[in-house]
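S.K.: Okay, here's what each chain looks like letter by letter:
2 protein chains.
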Amino acid sequence: MTKIRNTSPNPPTSRGRRRLLGGLAASGLIAARRAGAANPTLEVAPWSRIPGAPILEHPYGLPSLHESEVVRRSARTWPLPGSASSMTPLADLYGTITPNGLVYERHHGGVPDIDPDRHRLAIHGLVREPKLFTMDDLVRLPSESRIHFIECSGNTGSEWNGPSGQPVQLTHGLLSCCEWTGVRLSTLLEEVGGLSTSNGARGGWMLAEGADAAAMTRSLPLERILDRALVVYAQNGERLRPENGYPLRLIVPGFEGNTNVKWLRRLKFVDAPLQTREETSKYTSLMADGTARQFAFEMDAKSVITRPSPGHRLTTQGYYPISGLAWSGRGAIRKVEVSTDAGATWQLARLDGTPRDRALTRFQADWLWQGAPAAILSRATDSTGYVQPTREALVAARGLNSQYHYNAIQQWRIDASGEVRNA
Amino acid sequence: MTKIRNTSPNPPTSRGRRRLLGGLAASGLIAARRAGAANPTLEVAPWSRIPGAPILEHPYGLPSLHESEVVRRSARTWPLPGSASSMTPLADLYGTITPNGLVYERHHGGVPDIDPDRHRLAIHGLVREPKLFTMDDLVRLPSESRIHFIECSGNTGSEWNGPSGQPVQLTHGLLSCCEWTGVRLSTLLEEVGGLSTSNGARGGWMLAEGADAAAMTRSLPLERILDRALVVYAQNGERLRPENGYPLRLIVPGFEGNTNVKWLRRLKFVDAPLQTREETSKYTSLMADGTARQFAFEMDAKSVITRPSPGHRLTTQGYYPISGLAWSGRGAIRKVEVSTDAGATWQLARLDGTPRDRALTRFQADWLWQGAPAAILSRATDSTGYVQPTREALVAARGLNSQYHYNAIQQWRIDASGEVRNA
Numbered sequence: 000m001t002k003i004r005n006t007s008p009n010p011p012t013s014r015g016r017r018r019l020l021g022g023l024a025a026s027g028l029i030a031a032r033r034a035g036a037a038n039p040t041l042e043v044a045p046w047s048r049i050p051g052a053p054i055l056e057h058p059y060g061l062p063s064l065h066e067s068e069v070v071r072r073s074a075r076t077w078p079l080p081g082s083a084s085s086m087t088p089l090a091d092l093y094g095t096i097t098p099n100g101l102v103y104e105r106h107h108g109g110v111p112d113i114d115p116d117r118h119r120l121a122i123h124g125l126v127r128e129p130k131l132f133t134m135d136d137l138v139r140l141p142s143e144s145r146i147h148f149i150e151c152s153g154n155t156g157s158e159w160n161g162p163s164g165q166p167v168q169l170t171h172g173l174l175s176c177c178e179w180t181g182v183r184l185s186t187l188l189e190e191v192g193g194l195s196t197s198n199g200a201r202g203g204w205m206l207a208e209g210a211d212a213a214a215m216t217r218s219l220p221l222e223r224i225l226d227r228a229l230v231v232y233a234q235n236g237e238r239l240r241p242e243n244g245y246p247l248r249l250i251v252p253g254f255e256g257n258t259n260v261k262w263l264r265r266l267k268f269v270d271a272p273l274q275t276r277e278e279t280s281k282y283t284s285l286m287a288d289g290t291a292r293q294f295a296f297e298m299d300a301k302s303v304i305t306r307p308s309p310g311h312r313l314t315t316q317g318y319y320p321i322s323g324l325a326w327s328g329r330g331a332i333r334k335v336e337v338s339t340d341a342g343a344t345w346q347l348a349r350l351d352g353t354p355r356d357r358a359l360t361r362f363q364a365d366w367l368w369q370g371a372p373a374a375i376l377s378r379a380t381d382s383t384g385y386v387q388p389t390r391e392a393l394v395a396a397r398g399l400n401s402q403y404h405y406n407a408i409q410q411w412r413i414d415a416s417g418e419v420r421n422a
Numbered sequence: 000m001t002k003i004r005n006t007s008p009n010p011p012t013s014r015g016r017r018r019l020l021g022g023l024a025a026s027g028l029i030a031a032r033r034a035g036a037a038n039p040t041l042e043v044a045p046w047s048r049i050p051g052a053p054i055l056e057h058p059y060g061l062p063s064l065h066e067s068e069v070v071r072r073s074a075r076t077w078p079l080p081g082s083a084s085s086m087t088p089l090a091d092l093y094g095t096i097t098p099n100g101l102v103y104e105r106h107h108g109g110v111p112d113i114d115p116d117r118h119r120l121a122i123h124g125l126v127r128e129p130k131l132f133t134m135d136d137l138v139r140l141p142s143e144s145r146i147h148f149i150e151c152s153g154n155t156g157s158e159w160n161g162p163s164g165q166p167v168q169l170t171h172g173l174l175s176c177c178e179w180t181g182v183r184l185s186t187l188l189e190e191v192g193g194l195s196t197s198n199g200a201r202g203g204w205m206l207a208e209g210a211d212a213a214a215m216t217r218s219l220p221l222e223r224i225l226d227r228a229l230v231v232y233a234q235n236g237e238r239l240r241p242e243n244g245y246p247l248r249l250i251v252p253g254f255e256g257n258t259n260v261k262w263l264r265r266l267k268f269v270d271a272p273l274q275t276r277e278e279t280s281k282y283t284s285l286m287a288d289g290t291a292r293q294f295a296f297e298m299d300a301k302s303v304i305t306r307p308s309p310g311h312r313l314t315t316q317g318y319y320p321i322s323g324l325a326w327s328g329r330g331a332i333r334k335v336e337v338s339t340d341a342g343a344t345w346q347l348a349r350l351d352g353t354p355r356d357r358a359l360t361r362f363q364a365d366w367l368w369q370g371a372p373a374a375i376l377s378r379a380t381d382s383t384g385y386v387q388p389t390r391e392a393l394v395a396a397r398g399l400n401s402q403y404h405y406n407a408i409q410q411w412r413i414d415a416s417g418e419v420r421n422a
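For the protein sequence lines, the chains are A and B, in the order given.
The first sequence begins at 0 in numbering that gives the first Met the number 0 and counts up by one.
The second sequence begins at 0 in numbering that gives the first Met the number 0 and counts up by one.
In short, the hints are calculated from the structure, not lab data.
Careful: at least some of the hints might be erroneous.
Where chains are identical, the list cannot tell them apart; a pair therefore holds if satisfied intra-copy or between any two copies.
As the list claims (entries may be wrong) - Straight line, CA to CA, 20 angstroms or less: simulated SDA-like cross-link-like pairs of lysine to any residue:
| # | residue 1 | residue 2 |
| --- | --- | --- |
| 1 | Lys267 | Glu42 |
| 2 | Lys267 | Ser47 |
| 3 | Lys267 | Val43 |
| 4 | Lys267 | Ser185 |
| 5 | Lys281 | Pro220 |
| 6 | Lys281 | Leu206 |
| 7 | Lys281 | Gly398 |
| 8 | Lys281 | Leu399 |
| 9 | Lys267 | Ala121 |
Using the sequences and the hints, build the whole thing.
M.R.: Rendered as C-alpha cells:
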C-alpha cells in the first residue's frame, strides 16, 4: 500500500525545492537571468515611457489581447443547428472561479434572446396556489449566493475508449465554477403555498422547463434537491450571461449539468418523473447487461491535472508545481493524491483553502522533473469516502456503451522533450 | 440600548413575510398576475418559437444587451491625461464576487500595454541573491488562490461633508472583490535567499513599483504583510485584466487599494519607508490638529446597502429584502445591523455564508415598507470588535481635511413615492 500522510503538507521552502530539484539555480536559463539581475542595469520598458490608455470608452472590460487564445472552444462541429457545446480552457485558468466569459456552453436549441421584462416563471402542478413570477418578483425575495461547480454529464466522454489525444480543454472543459445568486427553491415553494399533496413536500418530483426553442425539460426528485436547489439570476456577481441561461436558470448543486435548466420558464410539481425526451433518448446510459441507468444525477468525485497538461511543454528540468482541479457532486473534496510514475506511488496534494461543498477545489503537488519520460495523474476522494476510479474499474462497472458520467483517473504522459500528451 | 440577537436569524417563511407585510398577495400587481397564473393559458414567448443563436464566433462571452447599463462609470472628468478612475456598479451586482469586466479602475498614468513575455519582476535591495523573474518563472512557483476585496483609500470620500446626492456606484464603487491567484511574497523572498539584514525578516520595509508611466510606488511594512501578501497573475480564474495590473500586481489583503501595486516590476527590500510621491503628496491625510496621518494602510470595517439604493424605486408597498455588502481590512465581518428608522432601532442582518477574511460579505435584512418616508442604514462590526462609526464620530476623530479612509455609516432616504435618495 502507498503510504499517505493524513494532512496536507506545506509547500516546500525554497531551500527544500532547490535540494529536491537541483534547484532553479542549476538551470542555465535561470542562472543567466540571475547574473543579469545581480547587476540590475535594467532597460526601461517601452510601456513605462509613454502614458497608457485612458479609461475605456466601452466601460465593460475585456482580457488583454495577449490572452486572445484563452477562449472557449468546441470539440467538434455540431450537425444540428442550435445544438452545440463549447468548453472552458482549463489549462490556462487558475484558482477555482471560472470567469463568466469562459463558462462552458451547452445548448439544445441555440441561445435565446429573452427580454427580462417579459420573461415569466410559472410554478404550478401539485401546489396550493399556482403563480407566475416576474423577474422583479424574484429579486424581491430573500436571496442566497453560493459557489458551486457545474459539469455536463457528457464531460470527458472522449476517454471511454482510452486516451483520445485531446487537450484538457476538450476532455474536461464542460466544467465551470461560479458564485450563483438566486432564490432557494424551498422559498419559491412557500410562495405558492406549498405542495397540495397529502404526502408532504418530499415525496414528489419537479419538472423544470426552459424557454429556449428546445423547451429543454428534466424531472427532478424533490427529496434530493429541496435543501440545496436555487433558482438563480446572477453568476459571479452580475446577471446571468445569455448562453448560461439569462435571465433565469435552475442550479441543482452536484447534479449533472443539463438538470440546471437554463432560460427557466416553468416548474411543475408532479408525483412521478415525466420521462421527457432528455431522460429517455438522452441522458440515460446503456449498461453492458442491456439495462438502462436512468436518473443518475450526481456527478461522482473526479479530478484532473490542468498544469502541466497536453499543449504545455516543460522547457527545462527542475521543479514544477503540478496543479489541477478536483470536485464531487456528493459533497466536498477530502483529499487529492498525485502520482508522477503512472500510479506506482502517490503523494498527497496540497488543497488551496478549505474545500467547499460541491465546488471546484484547486490542488498542487511538488514535482522534480529530471528529463525522463513520465506519466502524471491525480485521484480525488470526497467527503463520503468515495475514491475516483481507474478507467478499468469504471468500464468494468458500466461497460462501454455509456456516453455519460465518465469520471476516471486521467493520465498525461511527458516525453523526454518535455512535451505533454494525452496518450 | 437596542436589543440585538446574537445569531443570524433565518429568512422569514412565506407565511411570515405575508403576515409581516400585508404580503405580496395584497399587492394589486401581484394579485393580477396570480389570477392569470391560476388559469395558465400562457402565450408562448417569441424566443421560444425560433432557434436561438449558435455558439459565438467570438468565443469570449459578454453580458446580455439587456444589461448594457451595468458598466463601470467615473464620478467626474479627470483633468490629467492618464490619471482617472472608474467605479463598480454595486447597485446592480449580487453576491460577493465582482466580475472582471466590472472591477473598479484607478490609474495614475493610464493603462500600459505590457508584453508578458518581456515583462520582468526585479527583487533586490537588502536580499541575499537579487534576481529577475519572468512570468514563466513566477507561474512555476507554488501558487495560492484567495478571495479578497480591494478598496481605493479614496472610496466614499464624496461623503465627508454630508450626503453627496450620488448613487452607490459613485459613492462606494471604488470597491471590488475577486479570487486572486499568485505567489506568496514569503515564497519570493525565499527565492532570493531571504533578507541580508541582521535583524531578521520582519523589521524592514518593501518598496513596490509599477511599470506604468507613473511608476507608481509605495513603501510597505514587512511585518504587517509578509504572512498575507501575494504577487498575483490571475483574477477570478483568468490572467489579470490590463486595467487591473496585467500581467502582474501585488495584493496586500485589507490594505488601501493603491498599495496593491499594479503592473508590478520591482520589489526593493529596504530598512525604512522611502517617502515616495504617493506617500507624501498623496495618500496621507491632514488631521484637524495639523498633523499628518501617514501609512494608515488598513481599510477599516465598513458596510453599505446596495439594494434598495439611490436610483432604485420601490414600486409597491410590501416586503423588501434589504441587501448590501460589508467588509474589513482587519479581518472577517462578525455582524451587520440594519436600521430602517434612521438609526433609532437596529435589527441583525443575515450573513450569506461564512464571512471570509478580508473579503466582501453579503448581508440581508427583512423590511416591510408601508409607504411612509424612511431612512435605511447599515452598520458593520468586524472580528476585532471594531464597529463602523457614524459620520459625526469619524469627523470628530479625523476632521474634514481627510480625503481618504471614509468608512462611516451610510444612510439612504426613501420618500413616500418610493424614490431612494442619498440625501
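S.K.: Hint by hint, say whether it matches the structure.
M.R.: Hint-by-hint comparison with the structure:
no. : hint            : verdict
1   : Lys267 - Glu42  : between (67 angstroms within a copy, 17 angstroms between copies)
2   : Lys267 - Ser47  : between (60 angstroms within a copy, 18 angstroms between copies)
3   : Lys267 - Val43  : between (65 angstroms within a copy, 16 angstroms between copies)
4   : Lys267 - Ser185 : within (14 angstroms within a copy, 55 angstroms between copies)
5   : Lys281 - Pro220 : within (18 angstroms within a copy, 60 angstroms between copies)
6   : Lys281 - Leu206 : within (16 angstroms within a copy, 59 angstroms between copies)
7   : Lys281 - Gly398 : within (17 angstroms within a copy, 68 angstroms between copies)
8   : Lys281 - Leu399 : within (16 angstroms within a copy, 67 angstroms between copies)
9   : Lys267 - Ala121 : within (8 angstroms within a copy, 61 angstroms between copies)
In this structure, every one of the numbered hints holds.
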